[in-house]
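Undergrad: Just so you know, the sequences run in chain order A and B.
Here our numbering is used: position 115 in the first sequence is 115, and no number is missing along the way.
Here our numbering is used: position 110 in the second sequence is 110, and no number is missing along the way.
Do not rely on the hints blindly, as some may be mistaken.
Distance condition first, Cα-Cα at most 20 angstroms in a straight line; then the derived SDA-like pairs of lysine to any residue [as the list claims (entries may be wrong)]: (1) A:K115 - A:Q125; (2) A:K115 - A:I29; (3) A:K115 - A:A103; (4) B:K116 - A:A6; (5) A:K115 - A:V102; (6) B:K116 - B:N99; (7) A:K115 - B:I100; (8) A:K115 - B:P16; (9) A:K115 - B:S3; (10) A:K115 - B:F7; (11) A:K115 - B:H17; (12) A:K115 - B:T39; (13) A:K115 - A:T128; (14) A:K115 - B:I112; (15) B:K116 - B:T39; (16) A:K115 - B:N99; (17) A:K115 - B:S58; (18) A:K115 - A:D5; (19) A:K115 - B:I38; (20) A:K115 - B:T106; (21) A:K115 - B:I96; (22) A:K115 - B:R42; (23) A:K115 - B:I25; (24) A:K115 - B:V51; (25) B:K116 - B:T106; (26) A:K115 - B:F11; (27) A:K115 - A:Y30; (28) A:K115 - B:L12; (29) B:K116 - B:Q105; (30) B:K116 - B:I92; (31) A:K115 - B:T4; (32) A:K115 - A:V7; (33) A:K115 - B:A5; (34) A:K115 - A:F20; (35) B:K116 - B:R42; (36) A:K115 - B:W14; (37) A:K115 - B:Y101; (38) B:K116 - B:Y101; (39) B:K116 - B:I96; (40) A:K115 - B:G70.
Worth flagging that the hints you see were computed from the coordinates, not collected in a lab.
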Amino acid sequence: MQLYDAVFYLFALITVCSAFIVVFSRNIIYAAFSLLFTFFGVAGLYVLLSADFLAVTQVLIYVGGILVLLLFGVMLTNRVINVELKTGTIHTVPALILVAIVAGTFAGLFYSTWKGTSAPNTTLQTTTPSLGELLMTSYLLPFEVASVILLIALIGAAMMARRARKPVEQ
Amino acid sequence: MQSTANFLSEFLAWLPHVSLAHFLILSAILFALGIYGITTRRNAILVLMGVELILNASNINLIAFSRYGGVNLDGQVAAIFVIILAACEAAIALAIVLNIYHRFQTVNVDDISTLKE
């Protein structure tokens, strides 16, 4: 077992264990904070897959943006002062059966199909310049559409999230 | 029995050498956990966390294939778009959840069933 494999298993352990806490913890705050470790573990996996730009993006957007947003949601929609941060679960047994089938099928499929595929021996370089070039050439239209969608989504979210304004008195 | 033992020894020999299947199986585990979170959680925000887990699993798949299929950056571009859409989804969904909370004073997804009644 080489260093690469050991590091992979370290990040995989961090990711899977914290994802378990996200899904099974009864305390919402614990779930939200272990989601942080899941995102960091996934960012580490991106580094192992030589996707440096995406690893940084993952940390910036998921940890810095989405996770903070989710924590805002938790804080705004629960009575934090009365410590009502527990949450219940529903139909656990059917979900467990479903998940076991899904995970078993996928894992068996992936194992039997791609177990022999090792990494191609190419010289690795930083991906940022070529990603930027791709976004400005072959993926220009999806890039522009995505930016418009982002703008619309943010305006829409801001409009929906604030309270309805009282009608102006004449 | 013989085939089971063969499979097991092959599996144990495969385990310490990271290949494409390692990343894919890890993403399958994350995906399954995300589905479990979506189906069992009552709090809408925890359902959203399950969605984020699923999106991360798909991203791992995209980037793993991009790395192991020659270093082809198309998969990474797709992963960037997935991240963008995840950000949009989180913002919109949280705005909706906040509105639901103002109206119903709860975010438990199984309590909000006025459409059914």
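Undergrad: Tell me, in ascending order, the numbers of any earlier hints that this structure violates.
TA: As far as the earlier hints go, 1, 2, 4, 7, 12, 13, 14, 16, 19, 20, 21, 22, 24, 27, 30, 34 and 37 are violated by this structure, in ascending order.
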